[in-house]
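So the protein sequences, as listed, match chains A and B. Here the first sequence is numbered in numbering that gives the first Met the number 0, starting from 0 and rising by one per residue. Here the second sequence is numbered in numbering that gives the first Met the number 0, starting from 0 and rising by one per residue.
Check before you lean on any hint, since a few could be wrong.
Identical copies go unnamed one by one, so any copy, or any two together, can satisfy a pair.
[Unchecked claim] Keeping only pairs whose Cα atoms sit at most 20 Å apart, straight-line, the calculated SDA-like set for lysine to any residue is:
1. K168 to T255
2. K254 to D162
3. K167 to T255
4. K143 to D131
5. K345 to L322
6. K254 to S166
7. K345 to L334
8. K167 to K254
9. K287 to E247
10. K143 to S130
11. K143 to V129
12. K143 to V132
13. K73 to E55
14. K54 to G74
15. K54 to K73
16. K145 to V129
17. K143 to S201
18. K345 to S314
19. K54 to V75
20. K319 to H284
21. K254 to R164
22. K254 to T136
23. K143 to P121
24. K145 to P133
25. K143 to E128
26. K143 to P159
27. K145 to D131
28. K143 to P133
In case anyone wonders, no lab produced these hints; they're calculated from the structure.
Protein chains: 2
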Amino acid sequence: MLRSKNRIGLMMGACGVTMALAGSANVALAQGPIRSPEVLPDHRIVFRLRAPNAKEVFVGREGAQRLAMTKDDKGVWSVTTDAVEPDLYGYTFIVDGVGTLDPANSLMKPNILNTQSMVHVPGSGLPWEVSDVPHGTLVRHFYKSKVVGDDRDFYVYTPPGYDSRASKKYPVLYLLHGFSDDAGGWSAVGRAHVIMDNLIASGKAKPMLVVMPLGYGAPEILGLTGAPRTPDVGQRNIDKFAEALLTEVIPSVEKTYSVDTGVKSRAICGLSMGGGESIMTGLNHLDKFGWVGSFSGAMSMGGQDFGKSLPALDSGANSKLKLLWIGIGKDDFLLKNNQQFTEWLKTKGVTHTYTETAGAHTWLVWRRYLADFAPLLFR
Amino acid sequence: MLRSKNRIGLMMGACGVTMALAGSANVALAQGPIRSPEVLPDHRIVFRLRAPNAKEVFVGREGAQRLAMTKDDKGVWSVTTDAVEPDLYGYTFIVDGVGTLDPANSLMKPNILNTQSMVHVPGSGLPWEVSDVPHGTLVRHFYKSKVVGDDRDFYVYTPPGYDSRASKKYPVLYLLHGFSDDAGGWSAVGRAHVIMDNLIASGKAKPMLVVMPLGYGAPEILGLTGAPRTPDVGQRNIDKFAEALLTEVIPSVEKTYSVDTGVKSRAICGLSMGGGESIMTGLNHLDKFGWVGSFSGAMSMGGQDFGKSLPALDSGANSKLKLLWIGIGKDDFLLKNNQQFTEWLKTKGVTHTYTETAGAHTWLVWRRYLADFAPLLFR
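Please build the complete structure, drawing on both the sequences and the hints.
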């Protein structure tokens, strides 16, 4: 898990071997290494970028206003932030209007549409920080989806001590990513495996499997394929996602792993697009999911009429659902959408837990929501 | 496995929800999407980058000379290559001397010291291309290494149909990455899991597990920690790597998985630094490894005196080794080092297979070597 990075000249003099890097991207290296980002002991962050010919450089950081950087006489731009809360932050440099990753930092915040660099400002035992506890594993499965018609993958977190040969049956949380993430988003950015390791070690969460599927039922929603995005793409994206989950991913998981297949041992939650998918998939299949959660959910991707998306939902759900949990940040652009949805739930007499927290539409919120939500499950 | 990328405006009008991207890195997006890279039907590649204020932009591609790009009146730089062989190529833009990833492409070639973008020029059933065959899984394990003193990971490829509950015992290939890669390098860049799926489906390779550990016994060799690189760092890097492999990774694998623990069912090979590590670890532990391979190996990282690194090696190895395979590209800067090593092997009377192929010190060579080497194993 060596993920910090510095572009240095790779003269391994001690070894007698010059390990020349392939390619010709290392023009800047001859001028010496740049250290970026540098996290100071007081939690200020120094960002640096060598770009002698640039006219204007900013750094944009997750959850913050962008900052102008200034150039020194060696062509190195830098800026020092105020002290920030310990967390994992995505960031990008904007060089003369062009977004670019930090070339001195190998820690990435992968995203299909907007990969950024990432900086860790260390705290003390925060949920997403690796600690000296037993670790689970991450299993990446590959399959061809007949429902969607593409090659895709899903990840399975197995908790410490999981043994498919043992008789113990584990509950399963299906954990969905947001629009423009891929199936690896909840591990690479969300650190779900680290959060679960820590929650399980402290006894806060029950040992469980966490399955992280690809969340696109209609991948053309991403706008990458050249295929037209028809007006029904939002609803089709949800419907085909649910079909792939229910007929492909869940049967594969329940065949491969030692899991409890009862409705009270199956949960679904997700963030943003995945929050909407969790609500629609979970509440339309109360025979499958006893626990449903939404983190900053996009509740209207299938349309503004909740009754059309959830035609059968009424207070009869209350005897089936162990938990319906909805969280949204007060600075999230989806706040009103979530308020409208929970008001609608009240008109239907559906019991739910609704919480408005600090924060916007960012991973800073979603890692905390997972740490709050997972302990509630399978009780 | 959605990995193609385009930075587009994310107005999901069809869904009634504006999915604003976090951060402020999308200044350029308002000017419309850039398509890069575009692979033409005749296998030329068009690279594009919007950088209106740049004075000079090049693209550096793996295994090729860098190409100057030219700017159009909208500030978009582009260049079209000659037709290239179908393959996976790393590349980077060099903008006024600063290396940068392609912001329009989410397909990465991750590397601790030099992450690049990657472009796939499709062929017809090449070993590293996903095809409609049964797929194995990739399992990522996390652990604290007592030998090295850090938190690290290793990956395990399990072949299609692998079942830890079954009685079948599988052979294991330990597959090592090169200097500046991490434990994910052989899957993210080398596509080892895809290569193995294809080889196994066609009957060319026996079903086997492939274990991909982190290859640093002395991580300060990367020059990132601030710790001094003492003259013995190369030898220590090999020695501690071998100790971590033999006392931590292998016991963990053999406890967790249904594997054959006989010497004839254990192979080790690797690329560059990992090639040297495979030679030194394998040939110093003939009681552990019956099959040893080196891909473009760095044979002198422990010093120029092969006899000092392999003090006990003599023709007695021939009755123990099923295969000692050494491959090197004719344009590789380590060609002479490999020639010297094989000459030394001859003086020791050690039987080996030595092949000089086309190619330089690049992943283009190493994917092919794995496809050549794996079929020879466990026969």
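Can you tell me if K168 and T255 fall within 20 Å by alpha carbon in one copy, between copies, both or neither? For K168 and T255, the Cα distance is within 20 Å both inside one copy (12 Å) and across copies (18 Å).
Are the CA atoms of K254 and T136 at most 20 Å apart within a copy, between copies, both, or neither? Both. Shortest intra-copy (18 Å) and inter-copy (15 Å) distances satisfy the 20 Å Cα cut-off.
At most 20 Å between alpha carbons: which applies to K143 and V129, within, between, both or neither? between (33 Å within a copy, 10 Å between copies)
Is the C-alpha distance from K143 to S201 at most 20 Å within one copy, between copies, in both cases, or in neither? between (38 Å within a copy, 18 Å between copies)
Tell me, please, which holds for K345 and L334 at an alpha-carbon limit of 20 Å: within, between, both or neither? This pair counts as within: shortest intra-copy Cα distance 17 Å, inter-copy 73 Å.
How do K167 and T255 come out at 20 Å by Cα distance, when the copy is not named: within, between, both, or neither? Answer is both: 14 Å inside a copy and 17 Å across each meet the 20 Å cutoff.
Indicate which option fits the pair K73, E55 if close means a Cα-Cα distance not exceeding 20 Å: within, between, both or neither. both (15 Å within a copy, 19 Å between copies)
How would you classify K345 and S314 at a CA-CA limit of 20 Å: within, between, both, or neither? For K345 and S314, only the intra-copy Cα distance (9 Å) is at most 20 Å; the inter-copy one is 82 Å.
How would you label the pair K145, V129 (within, between, both, or neither) given a Cα cut-off of 20 Å? between (37 Å within a copy, 16 Å between copies)
How would you classify K345 and L322 at a CA-CA limit of 20 Å: within, between, both, or neither? Intra 15 Å, inter 71 Å, cutoff 20 Å: intra-copy only.
Classify it for me, K254 with D162: is the Cα-Cα distance of at most 20 Å met within a copy, between copies, both or neither? So K254 and D162 pass the 20 Å test inside a copy (14 Å) and across (11 Å) alike.
Since the copies are identical, ignore which copy is meant and state whether K145 and D131 lie within 20 Å (CA to CA) inside a copy, between copies, both or neither. Only across copies: K145 and D131 sit 12 Å apart there, 42 Å inside one copy, limit 20 Å.
Checked against the numbered hints listed earlier, the structure breaks none of them; every hint is satisfied.
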